[in-house]
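Trainee: These protein sequence lines are chains P and W, in that order. The opening position of the first sequence corresponds to residue 1 in the numbering used here, with each subsequent residue numbered one higher. The opening position of the second sequence corresponds to residue 375 in the numbering used here, with each subsequent residue numbered one higher.
Because the hints were derived from the structure by calculation, they are not lab data. Some clues are possibly wrong.
Computed beta-carbon distance windows for the label pairs [as the list claims (entries may be wrong)]:
#1 P/D130 with W/A398: 36 to 46 Å
#2 W/D510 with P/P190: 49 to 59 Å
#3 P/D295 with W/H606: 54 to 64 Å
#4 W/M389 with P/A298: 55 to 65 Å
Heads up, simulated DSS-like pairs for lysine-lysine below, C-alpha to C-alpha not over 30 Å straight-line [unchecked claim]:
#5 W/K508 with P/K107
#6 P/K2 with W/K668
#7 P/K2 with P/K158
Backbone N, C-alpha and C define an ideal beta-carbon position, used for all residues, glycine too.
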Amino acid sequence: MKYVDEYRDGATAAKLARAIAALAQPERVYRLMEFCGGHTHAISRHGLTDLLPPNVEMIHGPGCPVCVLPIERLEAAIHLALSEGVILCSYGDMLRVPAAKGRSLLKARAEGADVRMVYSTTDALQVAQDNPERQVVFFAIGFETTTPPTAVALLHAKALGLKNFSVFCNHVLTPAAIQGILDGAQGERPLDGVIGPSHVSTIIGSQAYEPFAFKHALPVVIAGFEPLDVMQSILMLISQINAGRHEVENQYIRAVTRSGNAKAQALVAEVFELRPSFAWRGLGTVPWSALSIRDAFADLDAEKRFEVPAFTSQDNKACACADIIRGRKKPRDCKLFGTACTPDSPLGACMVSSEGACAAHWTFGRFRDGEAAQ
Amino acid sequence: MTTIDLTHGSGGRAMHRLIKDVFAQAFDNHILAQGNDQAAFDVAGGRMVMSTDGFVISPLFFPGGDIGSLAVHGTVNDVALAGAKPLYLSAGFIIEEGFPLSDLVTIAHSMARAAQEAGGWIITGDTKVVERGKGDGVFITTTGVGVVPPGLELSGDKIRPGDAILVSGTMGDHGVAVLSQREGLSFETQILSDCASLNHLIADMVAAVPTLRCLRDPTRGGLAATLNELAHQSGVGMAVQESAIPVRPEVAGACELLGLDPLNVANEGKLVAFCPPEDAERLLTVLRGHPLGKDAAIIGHALDDPRCFVRMETRMGGVRMIDWLSGEQLPRIC
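Here chain W stands alone, though its shape is the one from the complex:
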């Protein structure tokens, strides 16, 4: 058996073998090993957090990660950004007929490794196979649960005028790394996706600065979309400084060539944090003390603006808005 065929999704012996040989082996843990259709587990006290995300990405393998690591990191981050310790994950696979088994094994192990790094377990899952042409290799949906320590309540509606805005590192790495591999656009680059689980970094931040208002990861739509979302959710404006926002020169260069704005490009291992201004320096020190936050920076502050505009002082000394994108960012002609 070298490729996935429809029998692997039919519920028979082939499917049983696939699950046992690929997923159960990669995700090995005592809950999954019980072999039930559901996972039962004990829960510690406190508020539970749950998040789900579907992953459809082309190409499936990119510099710095693959769809498997992305599916784990993405959901771990969504749970952790509430201040929660991620505990358990589920994984649903929709696999296209003809998909190479070796790729599936690579993806499963990549997920297992990512879950292990994050300190969470993949304890239940599902496998479906669709006919050739009805999928794009493999789609993965993960769901994660975690527990928030008592007293902590991070939320996108808690930002107040004056709060400091921090980012944990350089913007746009993931989006450019993926674009560089996309068919019809291949270009040589050293840029790796920043794909990573942020829960350990977040645990440090929460412990050091319990006054944190809100954390969010600037994934699709990039920093621009995240700032606009949060400005509206909290009913505030925001002002940031272009020169303070970290962007790798390689990413800036690729964006120049393609006519893209790094602020609209996706990240998968970065976060945006909001805290009262007096705690900003302490938060920055904590961020920079962690490998995933070494390029962190304070980029601006929230302000009173009923229209919820996000504005940016440019390097040239002017001011402009940072807006949501209209649809997908498309390369410009000239």
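So that you can see chain P by itself, here it is in the shape it has in the complex:
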């Protein structure tokens, strides 16, 4: 497969693995966080940890949009879906995510809610145009990658004068989340380097990471999603760490520039503004970490069009997601992992999507856990 196979070549991977092993100093530990769930998935799916020396440790960050959406926002979406006359359009991997008491959009659908899986915001707009007598709500989630398409949908809806379309906005921001993790470290040194997101960085550009790389003296390498991208980025990070540098480097030059996609940024700025705070599943409340719809588009904001009661739900107290996302614990350190919490009945954020740290370890890596439950 062209443009993919080149980045999945076993011989090149072995070469990079040898270079990493040669460069990594045996007397120290390298704690590297891949922020993005796409990287977590790539590392697990391709078995990359087997190619790293034991002192290079990968910490799976919170960059899985499905995982970090707080339960109360999902409860609100389920509430909207069950409202009279509403069609709720959602991306596919949100459907199975459990809310309180094991509820989910999929279960709401079985109860009679009209929940439709869409592949793009254009599909959601089409549903609204095809069903003028129904209220169509688009359940917008995700990081900077999925935000511009939502902005475009809102602009189109406004231009078309669509009265039956609205957006339930849950878009969140990557740099704010990384900042949240670093600020929450309180004296401990959790990370030696960060592998920066692929797709998100095509939008926001590599400069978005410069402030915290500087403030926290933290090396960052923006990496593509293919396994060789990840391997090369790990090599670049170790090289920075050894040299005592803390720069934002870009491995993913085939797609990411320093300033990012100006057009997408302008669209987002036109339609959205910062929320003062947003609760992340697993991370808690992070200031200025999410977006809401500007007043100019208030009539397309589902939170203003519908009565959405405030839900309060909490994760299971034994859940170790917060520590796992911050790199303090491994999935197998959690008491719930593989016992009460599995991908079939997830309790914590890290288990809900295949990109979450716990789900990835369960699906691809649990055969390594000596006596872990099956």
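Given chain P, put chain W in place with the hints provided.
Mentor: Structure of chain W alone, referenced to chain P:
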């Protein structure tokens, strides 16, 4: 008459005509022609095999097949995978009011053709019509019977550590072909469903390698589900190599785009075979000598593992598990 209505399921003249003009004509054989409510037939000696399967698929017509060919191939394969020669099939239809008659005729002929290729007969059936909105066009249930030659006993609990694992061809073709036609996801593709009856291929395999342990078709849940099922059934682990598993580039590309794993995608004309390691090359030669097995490959082996894990050496040189899916595979956001 251009569409099916409720009278076609009422037991009266309309139903009689539908059965005569559509099904009896398409499935024409001397047992069905007796016109009884049941089919009577003689049976050769040996163990009988029986299997039943319900088919609900959207869309009903897809590149490389339709619900009719699928309903025959699927049941023929379930019978044949026990090493049996499929003999007779029954077919039950649940048709939604308003369903185009021409589509039903196409489906019936497609079933007849599939049965003929497989060398089996559709000898009894049933027709019901449900109100509009209470079905999805047409649902078909087929049941098949066949006879296993004496001495042959293929079963999912017979795999032993060391046994070779083979697949008969490329993985994921059917699932991607069907997905490509699904509403809201249409994309241009040359991929055809691999939907086919495997009984002739299986007859060749059984004749050449009587030591075969077990055969299974990796349908829903794909190769991943089948390997896990069999690992648990036999109480063994398995190790496969990613680079050895055949996947068409078009299928791999579509899966990349949609965030799916080809190992979890359904097949309808492929099988997984297990045999003692010393017979693996011979089995591979037999497979490759048949048009339905030309892309066959040895993909790994069974091993001793009380936890029954299926692991895979990746192209990158690492090892990871192949697990069952949790529910239906859903496309990922990014």
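Trainee: Now tell me, hint by hint, if it's right for this structure.
Mentor: Structure-based check of all given hints:
| no. | hint | result |
| --- | --- | --- |
| 1 | P/D130 with W/A398: 36 to 46 Å | holds (41 Å) |
| 2 | W/D510 with P/P190: 49 to 59 Å | holds (52 Å) |
| 3 | P/D295 with W/H606: 54 to 64 Å | holds (57 Å) |
| 4 | W/M389 with P/A298: 55 to 65 Å | holds (59 Å) |
| 5 | W/K508 with P/K107 | holds (20 Å) |
| 6 | P/K2 with W/K668 | holds (24 Å) |
| 7 | P/K2 with P/K158 | violated (40 Å) |
Checked against the numbered hints listed earlier, the structure breaks hint 7 alone; every other hint is satisfied.
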